[in-house]
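With chain A held as given, fit chain B onto it using these hints.
Each chain is listed here by its residues.
2 protein chains.
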Amino acid sequence: MKTLRLDLPAHQYDIHIGPGLLSQPELLTPHLSPEILVVTNETVGPIYLQNLLELLRQQPVVQRVKHVSLPDGEQHKHMGTLDEIFTRLLELGYSRRCTLLALGGGVIGDMTGFAAAAYQRGVNYIQIPTTLLSQVDSSVGGKTGVNHRLGKNMIGAFKQPELVLIDTLTLQTLPDREYAAGLAEVLKYGLIADAEFFVWLEQNWRKLLEREPGAVAEAIYRSCALKAEVVADDETEQGRRAILNLGHTFGHAIETWTGYGAWLHGEAVATGLLMAADLSSRMGHLESSVIDRVHTLLEQAKLPVRSPDGMSRDDYLQLMARDKKVESGVLRLVLLKSLGHAIVTSDFRVEDLYLTIDHFQS
Amino acid sequence: MKTLRLDLPAHQYDIHIGPGLLSQPELLTPHLSPEILVVTNETVGPIYLQNLLELLRQQPVVQRVKHVSLPDGEQHKHMGTLDEIFTRLLELGYSRRCTLLALGGGVIGDMTGFAAAAYQRGVNYIQIPTTLLSQVDSSVGGKTGVNHRLGKNMIGAFKQPELVLIDTLTLQTLPDREYAAGLAEVLKYGLIADAEFFVWLEQNWRKLLEREPGAVAEAIYRSCALKAEVVADDETEQGRRAILNLGHTFGHAIETWTGYGAWLHGEAVATGLLMAADLSSRMGHLESSVIDRVHTLLEQAKLPVRSPDGMSRDDYLQLMARDKKVESGVLRLVLLKSLGHAIVTSDFRVEDLYLTIDHFQS
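If you read the sequences in order, they're chains A and B. Residue 241 in numbering that gives the first Met the number 0 sits at position 242 of the first sequence, and the numbers go up by one each step. Residue 216 in numbering that gives the first Met the number 0 sits at position 217 of the second sequence, and the numbers go up by one each step.
Rather than coming from a laboratory, the hints here were simulated on the basis of the structure. Just so you know, not all the hints are guaranteed correct.
You can't tell identical chains apart in this list, so a pair holds if it fits in one copy or across any two.
What the hints assert, rightly or not - Here are the computed lysine to aspartate or glutamate pairs in the DMTMM-like style, where the Cα-Cα straight-line distance is at most 20 Å:
{"id": "1", "residue 1": "Lys1", "residue 2": "Asp13"}
{"id": "2", "residue 1": "Lys301", "residue 2": "Asp232"}
{"id": "3", "residue 1": "Lys65", "residue 2": "Glu326"}
{"id": "4", "residue 1": "Lys324", "residue 2": "Glu90"}
This is chain A alone, in the form it adopts within the complex:
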């Protein structure tokens, strides 16, 4: 087991990474309280829930362990589903000393975290991410929230968990498409902050695609460490943290346009990474060979490398204008100065942006 410690001004917590951690209740013990609600979904629940509930019931401090199972998928990440968590908590009569456990992927983590931020104005929560994407991304850093029909992740809170438990064995049951979507985010960390890690990923890509446990654990650890470092610098995204959104402005536009759930988040980010690299290269920052290297890795992982059928330039521009990085009407994008070095900038030619969007049209 490896442990990363996230040190934020007002809150510290551990991220444990390793195989079989879901069977080690002693890791959870210090963070439990008398009332526990496990939030999971219809896909992950049947695999891990019973065992987890049993372990929790054996903990002396725990008096009540209940769960709520939500529908699976990004299209359910909205206020209506969030209300199912609130209703369950209120029907159970849970107090502000209760603890929520998020058992599932990024959607479950984001909704559970926001529910924890808002229920009785704030209760504790623990992240147990079970997808590669959530393990390397959404479970680290405290960004929580839900989608609005007019924009992704537009309603939410910064809310740090008490603990993140990453059991790498959960990846063994993950569908290929979801696993690959997670690899797109792993790639992102190399691109934005660590050229050496990017090269390591190229060298170990085959092993990662085969889910070789050692390589997977290492990729998760290095991804989380890179994210933790960026987040510790800038918890509420006043500045540098925005580099974590490389490819996301394009990706969110794709997700909104296709309707949440049609493309997985990581799939939209995959195409978005390539588009961001393409634009960076058009601006003369990035060697074009990097685009090819990213393209090769994405293709090998069977990730999309083109825009959705029929999504026009105007569709992109309209949806990108709603990005959270827009300031006073000016679009800012995360771009690459070089491999391993990202910047947030509004300094790009709109003609280059048009060329990039057009270039990726199907």
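Here is chain B on its own, set in the frame of chain A:
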């Protein structure tokens, strides 16, 4: 004009109190940003909105001033109405640098504050409370949120404003019933923390009922000062802050039982204060003469001093069990040790609680 400064560990802000402050835009200027959304309701909007929008448009820093008008009343303080604010913000394409202005009573303030906490994970907001209740209570201290059908204020956030602007002239247009409801909260401050203020209120009650400007301003200032002192001690209600809820556990039960909006919040608190005083007296803490003094003041203000018709002991017990102060299934109440001294305790005889509830039945 009098100014109170609220000094919290992570945030400081001013509360300005005086007549005509809504016509002094220079108080707002330092806290404005290019994108402004005024959130108001159908009752207050027609009186103050046009003038405020005009003043805001004259501010050089402001580029866009828009508003949204919500239906008036506690029964609309829920997720559905909150979504009207989010939808408006997203349709306008407002960024995370926008500022929300809450122009209205406690319902508008609570919803605007929570919208500001959650929109893009947090934007700034300013409180301009226009009812006595919101001026002395909900606009100070950063408690924001909405009701759930299973409990009042169950979904929300601690979110401090950038500024609170209390224009005492707005009270001149307030309906009698709402004004009296505010006086119940004013009385609360005397009861929980300042016996001298309670005596001052008794001496000035006639003037206050007649809305004599000097007396009203003084009552607001002293109420806000008492609240600010308690909140600065304990921003997120880990301990002492809970004394501000004197009468509220009974009051919330009444509000939930009657359906939000039937009784005004301050009306429910009025009866709740009396019930809390009654229970405190039964426990041998409080002289029974204090109950009579509170009773007299409430009656003079035409505030309710009995439970709603038909609300049973079981109704109370069931609804009170959902209070946010419940810990591990144990109900805690705010009670009076003496006039001006409140405590939070679970140390009361349930038989006394039954007697109190029965005593107030209509």
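Task: Up to 20 Å CA-CA - Glu90 versus Lys324, copy category - done: between (38 Å within a copy, 16 Å between copies)
- [ ] Can you give me the call for Lys65 and Glu326, within, between, both or neither, at a CA distance of at most 20 Å?
- [x] The answer is between: 17 Å across copies meets 20 Å, while 43 Å in one copy does not.
- [ ] Since the copies are identical, ignore which copy is meant and state whether Lys1 and Asp13 lie within 20 Å (CA to CA) inside a copy, between copies, both or neither.
- [x] within (10 Å within a copy, 47 Å between copies)
Open item on the list: As a check of your reading, is Lys301 near Asp232 (CA-CA no more than 20 Å) within one copy, between copies, both or neither?
Closed with: neither (34 Å within a copy, 56 Å between copies)
Hint violations for this structure: number 2 only, all remaining hints satisfied.
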